[in-house]
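> Could you build the full structure based on these sequences and the hints that come with them?
Each number in the working numbering comes from the position in the sequence shown (counting from 1) with 1053 added on.
A portion of the hints provided could be inaccurate.
Keeping only pairs whose Cα atoms sit at most 27 Å apart, straight-line, the calculated DSSO-like set for lysine-lysine is [said to hold, decoys possible]:
hint, residue 1, residue 2
1, LYS1192, LYS1208
2, LYS1305, LYS1272
3, LYS1120, LYS1324
4, LYS1305, LYS1120
5, LYS1447, LYS1707
6, LYS1447, LYS1272
No lab work stands behind these hints, which were simulated from the structure alone.
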Amino acid sequence: MALWRKLLVGSLSGAAAIAALAFGLDRADRAYPPPVGVADTVSKEVLDRDGRLLRAFATPQGHWRLKTTAADVDPQFIRMLLAYEDRRFNAHSGIDPLALLRAAGQFVTSGHIVSGGSTLSMQVARLIEPRESRSMLAKLRQMARAVQLERRLSKAEILDLYLTLAPYGGNLEGVRAASLAWFGKEPKRLSVAEAALLVALPQLPEKRRPDRHREVAEKARERVLNRMAVSEIIGEGEAERASAEAIPTRRKQLPSYAAHLSELALRKDPKAVTRSTTLDRTVQDGLETVAREAAERLGPKVSIAMVMADARTGEILGEVGSADYFDGSRAGWIDMTRIRRSPGSALKPFIYGLAFEEGLVAQETIVEDRPADFSGYRPRNFDMTYQGDISVRKALQLSLNVPAVRLLDAVGPTRMMVRFRRAEVRPELPPGETPGLAIGLGGLGITLRDLTQLYAALANRGMPVRLGDGITGDAAVIDGDPLLDPVAVWQVSDVLSAVIPPTGSRRLGIAYKTGTSYGYRDAWSVGYDGRHVLGVWVGRADNGAVPGLTGYGAAAPILFEAFSRSGVAITALPRAPAGAVRIAQSELPASMRRFSTTSNGLVATAGREPAPQIVYPPEGAHVELGATTAGAISPLVLKLQGGRAPFRWLANGKVLPDAARRRTTQWTPEGAGFSTLTVIDAAGRAASVRVFIE
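Next comes the structure, spelled out in C-alpha cells:
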C-alpha cells in the first residue's frame, strides 16, 4: 500500500512539474514572442497596369527586399528548395530530430560540419533575429524561436518569410530581388540551373556571390543539382544539362522605370507597400529608351519629356519627365511634363478647327500669306518668307504664321481660350494680359500634359478627356460640349495626317503637329492615331536657348520613333462623320473660295447691309423632329435675317445643294446629334449656330 502511495505521489508530482513547465513555457512564449514584425519592412514597389514591377525602393537599411510569396516563384524552385534544405518541412513542428541526429553523426565521423540540421523554420528564426555567434546557446535559442514560429504561423507563411528574407549577397534579400539582380527577370519561370543557384546562395551568400566568386558559386550549384532528393525532382540527365549553363557574372540593375511618377506615387501614399499605376511597362521602356538615346544625340543640357495616353479613357500609358533622372547636367530631377512653357505653333490646329466649325473656310479655301498688320501686331513666318495665295490645307501643313493669325482674328482669341476650358485646360497668359492674337503663335504658357490633353480630344472625335495622374485612376471623358464638332475634327485630322514625316522617319498613319517657341527654347511635337496620343517636349530645364532647336527637326523624329518603339499597335484614324467631305477649290461656293479680312480683322463686306444672322434655330437649341409618312426625318426650317443674297448654306461643313435668294430654306438632317449650321452671304460674311437634333 505504501508503494502504491509513493507511485501516486510521484505521478502527481511529475504531472504537476510537467504542467508547471508547460505553463512556464507558454508564459515565456507570450512574454517573448519572435520578432516577426521585422519582415514587414520591405522595399516599396510601384507596379504597372498589369502588376509588373516598374520601380522598387530600398528599405531604410539600404536592402533590396521585395515581398515574396510562393505564388510569385517557380513551383519547381520550391520543390528543389525543400528537397535540399528541409525534406520534412511539412511534417515537423519547427525542429527535425532526424536532421539534427544526421548532422551530429556526420560531425562526429568527419570532424567538421558536413550538413546543418537547421530546418527552414530555424533559418527563418535566424533571419528575423540574427545571431552574433554560432554557439550552442545561439542554436538552442534558434530552435526555441522556430517552435514559436510554428505555433503562430502556417507552413505557407513561414515559407513566404524565407522567400522574402533569405540573403543573396550584398544588399540583396529574398528570391525576387535575387532573381531580378542575377537573371534580370521575376522568379515566376526559372530554368533548373537558375533555380539551383538560388537554392545554393543563401547558405554562404557572400562567399558564393557569382559576380565575385564564380567558381565557388558553380560548385555550390553543382552540389544542389547532385543531391539525390533534388535529382529525383528535376529528372534524369537534367542536372548534367543544367551544369553546362553559364553562371551570371554581373549583377543587373533592378527595374527602374518612371522615376518621377514613382516618387509621386509614394508621396501620395507613403505607407503603402505597393502602388499600382496605369502605365504600361512595355510602353514606358520604349519611351525612356528613345528619350535617353535622343538626348545623347542632341547634346549636353538638353532634356526630353513625353506623355502617351489612351485618348478614349485618358489613362496615362507612359510618362517620361526627363531624359535621365540622375543626370544633374540636364536637371533630370525636374519633371518637365508639368512645367509651363511656350508651345510655339502647336496650338494652330485648334484655330483651324474653329474656322472649319464656323464655316469660314474649307480645306481648299485660298488664304493670303503676306505681311499683315493687325492693329500693330505684325506676325512673320518662321523662315521670314511668304507664300502669297495658298490653300488653308497647305497653310496648316506648312505651319504658316500669318494665315493662322488671320483665322484667329476672325474666330476670336477669347473664344479659343473658352474652348480650351471645355477640355479643362487653362493656359497661362502673361501677367495682366487678356487673350490676344499672339496666343496662336505661342504667346502663353502650357504644360506638356495639358497640350497632350487638348490633342486627345482630336483623337477622340472632339470629345475632351481628362488625363489621369497615372496613379489614382482619375482619368475620364469630360461631360459637356465637345472641344470641336466631329466634322471640324475630321478636317483637322485629315490635314495633319498628310504632313510629311521628318527626314528618316516612315509614315505611321498618325496625324501630328510641331511647334517651336521664340528663341529656340522649346521644341514640341504632338501626334495621335485613332486611339493613342503622344506629346513630346525638347529643351533645357533652365529655359536656356538651344541654337537650331525646332519642333520639326528635334521633337518630330522623337515622336515617330517613340510611337514605333512604344509597342502600341497603330489604330486607324476615325472615318469621316456625316457631312465631312474635302471639296475641290473649283467646287466651293464663290464666297468660300477665298478668305479675306479687312485691316481690323473683320470679314470683308461689299455693301452696307447688316451681316447675316440665323434666327431659327437659335444657338444651342434642342430640336425634336418628327417623321414623314415614309418614315424619314422631317426637314428643319432655317431662317435668317440680314445679309446680301444669294445665300449659301452649309450643314456640318457640307454645302447644301442650291444657293438661295430667300431667307428661309429647309434642311433634312442625316441623323440625331449635334450639328453646325452655317450661312454665307454674297459678301462672304458668315454666321453659324450649333443645335442638337433629337
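> Could you run down the list of hints and mark each one as holding or not?
Each hint, compared with the structure:
1. LYS1192 - LYS1208: Given pair LYS1192, LYS1208 holds - Cα atoms ~21 Å apart, limit 27 Å.
2. LYS1305 - LYS1272: Between LYS1305 and LYS1272 the Cα gap is close to 22 Å, so the pair holds against 27 Å.
3. LYS1120 - LYS1324: holds (15 Å)
4. LYS1305 - LYS1120: With a Cα-Cα distance of about 19 Å, the restraint between LYS1305 and LYS1120 holds, given a limit of 27 Å.
5. LYS1447 - LYS1707: holds (20 Å)
6. LYS1447 - LYS1272: The given pair, whose Cα atoms are some 71 Å apart, is violated under the 27 Å limit.
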